[in-house]
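Listed below are the residues making up each chain.
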Amino acid sequence: MTGRRRKAATRGQALAEFAIGITVFLTLLIGIVDLARAAFLFNGVSDAARELARVTSLHPGTGSLGSSGQTATALSGERTLVPGLTVSSYACIDIAGSIVSRACQPGDWVRVSVRTTFSPVLPLLSAFGPFTFATASSAKIQ
Amino acid sequence: MGARQPGSSRDEGQILVVFALAIMAIIGMVGLAIDGGATYAQRRDQQTSADLAALAGANDYLLNNNPSQAIARAKAVAASNDFTDGSGPTSVGVTITTTNGVQVVVSVASAHRNSFLGALGMTTWQVSTAATALAGFPDTAAGAGPFIFSIGAFNNDGTPKYQSATDFGDANGDVPVNALDIAWTNYGTGNVDTSQVDAIIKGTTTINKSLSYGEYIGQKNNGFHTALFSDVNTYLSGLEMPVAIVDNNGNFMGWATFHVNSADGGSNKHINGYFLSSFTNARLTVSSCSNNACPRYLGTYVLKLTN
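Residue numbers (the numbering used here), protein chains in the order written: chain A, 1 to 142; chain B, 1001 to 1307.
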């Protein structure tokens, strides 16, 4: 084998190694990025539920729970941290967690259920997605 | 010098650059997850600390009427919950206003020390929370019951005669004719209509009216409004609420707090319950109230978070 042919073969081998290596490397890298994004988003959704529950417990709103301006402001603030944040429901519950059928009043609890969707960048994961992160938090109405 | 392997040292340098960029991305994203999560957790802790400090400050003011002592109490409670004023990056501000009850506003500002993102230049994230607590003696009856009691249900010193379960509703006419009687009311806003009082009980209609001492708030049509008893039983059983007290002519005299046990619209036509408080003739107003913002009880004092 001449030197030129050996050089070309080594270059081809390096390219193949690089292709395999970069695929594994990028899969791991994007996987870490996706995992971190998911963790951040889940923390954000949990925090949003708690924040909205607190604000709604202090400002229940007239008409229906969650209709106050303070809740709307808090929701738009949380959306800057958690894009696509949606409130599933503002439920009036008692201390045992049962839905209150009569008019909601101070001493009852408000349960705020929120959700958002998470779309992974990694094709391997995005094939199963998008994933829905949903959580709820309760606070006593003042 | 041996034969140089083609591209080897150049590739190593390239991998170093790729690895450096990748490690930056990894630190950035992992930092976002870990430091971001820890910052969220700190925000909740800090909010709870501010809430408790505001409530403690308001309660202290209510007991001692001393602003500087209330401020010190609020700061002490914040400190006992890990946010000490002047410690490191933490500052706790307390302001007190007394124009409408006492309002204690506690602002807690601190910094979250980032573990990972410090490597990318973001060593701290600022976290600010605030809470407002209200304390005072109520001068507004919100969510008052739409039925009135006789001043005869109280002793001369204002204490209630009936502090255990009692049936009220002897005549159910325009005004309560004796200590055990009641009458329906819409607080003098026109002839009492069954559907209107029904809506007040359900919380879908709000009466917003300032009452004058001695103003007539009884009925004008002597209606039994039998259907309303079952509404009271359904919607108000187990609840406490302010109720208006009138003299023998149906004229407004003051307020008391009443607990509803049950109500029966059959042949008995009575509301069963008892008084929780003494009679007060403070000039109260029936304030704006809806089905979701309607405190149906009137304590001797109020202590709650408002913001």
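No lab work stands behind these hints: they were computed from the structure.
Be aware that one or more of the hints could be misleading.
Stated by the list, open to error - When the alpha-carbon atoms are kept at most 30 angstroms apart in a straight line, the in silico DSS-like pairs for lysine-lysine are as follows: (1) 1220/B - 1209/B; (2) 1209/B - 1304/B; (3) 1220/B - 1304/B; (4) 140/A - 1161/B; (5) 1161/B - 1220/B; (6) 1304/B - 1269/B; (7) 140/A - 1269/B; (8) 140/A - 1202/B; (9) 1269/B - 1220/B.
With a cut-off of 30 angstroms on the C-alpha distance, tell me whether residue 1209/B and residue 1304/B pass.
holds, 24 angstroms
When you check the alpha-carbon spacing of residue 140/A and residue 1269/B, does it fall within 30 angstroms?
With a Cα-Cα distance of about 35 angstroms, the restraint between residue 140/A and residue 1269/B is violated, given a limit of 30 angstroms.
Holds or violated: residue 1220/B to residue 1304/B, with C-alpha atoms at most 30 angstroms apart
violated, 39 angstroms
Can the restraint linking residue 1220/B and residue 1209/B be considered satisfied, given a maximum Cα separation of 30 angstroms?
holds, 18 angstroms
Under the criterion that the straight-line Cα-Cα distance not exceed 30 angstroms, is the pair residue 140/A, residue 1202/B satisfied?
It holds: about 21 angstroms lies between the C-alpha atoms, which stays within 30 angstroms.
Starting from residue 1269/B, check that the Cα of residue 1220/B is at most 30 angstroms away, please.
Within the cut-off at roughly 19 angstroms; holds.
Are the Cα positions of residue 140/A and residue 1161/B separated by 30 angstroms at most?
violated, 33 angstroms
Given the hint that residue 1161/B pairs with residue 1220/B, does the C-alpha gap stay at or below 30 angstroms?
This hinted pair holds, its Cα atoms lying about 28 angstroms apart.
Assess, step by step, whether the Cα of residue 1304/B is no farther than 30 angstroms from the Cα of residue 1269/B, and give holds or violated.
Status violated; Cα separation ~37 angstroms.
Checked against the numbered hints given earlier, the structure breaks hints 3, 4, 6, 7 and satisfies all the rest.
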